[in-house]
Amino acid sequence: MIPIPYYLALSAVLFTMGVVGVLTRRNALVVFMSIELMLNSVNLTFVAFARQLGSLEGQVTVFFVMVIAAVEVVVGLSIIIAIFRIRDTVDVDDVDLLRG
Amino acid sequence: MAAIEVVIFGAAAVGALAGGLGVVLARAPIRAALALLLVLGSLAVLYLLLAAQFIAVLQVIIYAGAIVVLLLFVVMLLHARTGEARPTKLPRQRPVGFLLAAVFLAAVVTALRDAAPPPLPAVGQGFGTAESVAGVLFTRYVLPFELASMVLVVGIVAAVVIGRGARP
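From first to last, the protein sequence lines are chains A and B.
Oh and the first sequence: position 47 is 47 in the numbering used here, straight run, nothing missing.
Here the numbering used here = 1-based position in the second sequence + 100.
In short, the hints are calculated from the structure, not lab data.
Quick caveat: nothing in here was measured; it's all calculated off a predicted structure.
Errors might be hidden in some of the hints.
If the Cβ cut is set under 10 Å, some of the chain A residues that face chain B in the computed set are [unchecked claim]: (1) I2; (2) P3; (3) A9; (4) V30; (5) L53; (6) G54; (7) V62.
Glycine included, every Cβ here is placed at the ideal spot set by N, Cα and C.
Kindly produce the complete structure, drawing on both the sequences and the hints.
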């Protein structure tokens, strides 16, 4: 069996990649995909701990995370489309009305 | 038995890491979406290794089947002007982002390194099947389950309202 820390390390690296994507990319769609990357790395952690502890609660949590991720994608993408209609851009730097 | 598991884990981990790099580095958003698909598929394999068959199937159906397809639709819908050609307004954002990410990774790896793992317990044949997960889901977690369906309905309505746009 593969020890659980290997899964946790992989999950940490994937999460960091998602952080880098959110912090450095300017395309709203790619920022979105990076958020999905982070959600998935956390899901991997939940499943790994569920295996380690022999309890199904971690897998149930992953189920709920997936539901919320689906809702988040639907609402987020419709917001991106609405912004694209109004401002003709998906660049997050161009949406700076709140900038002082 | 153990050797083939190491091979499968290695292949899935390499696939996940390569896909993650693709999401972050790809210039065209459509390539990022396809790289995300690679990550999701690799994670489904890892879920199978971790005795989570039901979650692995959900991963393929919900993430790979629905979410990535939705992302691809939107990428194609907005294909005009989705490159990153123009100069950035925040020139220091990129190095600071990399620095913060490196600090985060160092913190997590430090926490991981100190942990001595207890040996993996054996789990029963039924662990992680749809039957066993549903058994927990529909007894102890039935209220959150119903709330999740309400959240889904709210999300659908919100998407319709936002997507309809401003009408006079």
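Query raised in the report: Hey, does the A:V62 contact hint survive, CB to chain B under 10 Å?
Result: Because about 5 Å separates A:V62 from the closest Cβ in chain B, which is inside the 10 Å limit, the hint holds.
Query - Hint check, A:A9 versus chain B [nearest Cβ-Cβ separation less than 10 Å] - result: 6 Å, holds
Report task. Report holds or violated for the interface hint on A:L53, using the least CB-CB distance to chain B and a cut-off of 10 Å. Result -> 8 Å, holds
Query raised in the report: Close enough to count: is the Cβ of A:P3 nearer than 10 Å to one in chain B?
Result: 5 Å, holds
Query raised in the report: Does the nearest C-beta of chain B fall within a distance shorter than 10 Å of the C-beta of A:G54?
Result: 5 Å, holds
Query raised in the report: With 10 Å as the cut and Cβ atoms as the points, is A:I2 at the interface with chain B?
Result: 5 Å, holds
Query raised in the report: Hint check: is the beta carbon of A:V30 less than 10 Å from a beta carbon of chain B?
Result: Hint holds; A:V30 Cβ to chain B Cβ min 5 Å, cut 10 Å.
Hint check: no violations occur; every hint is consistent with the structure.
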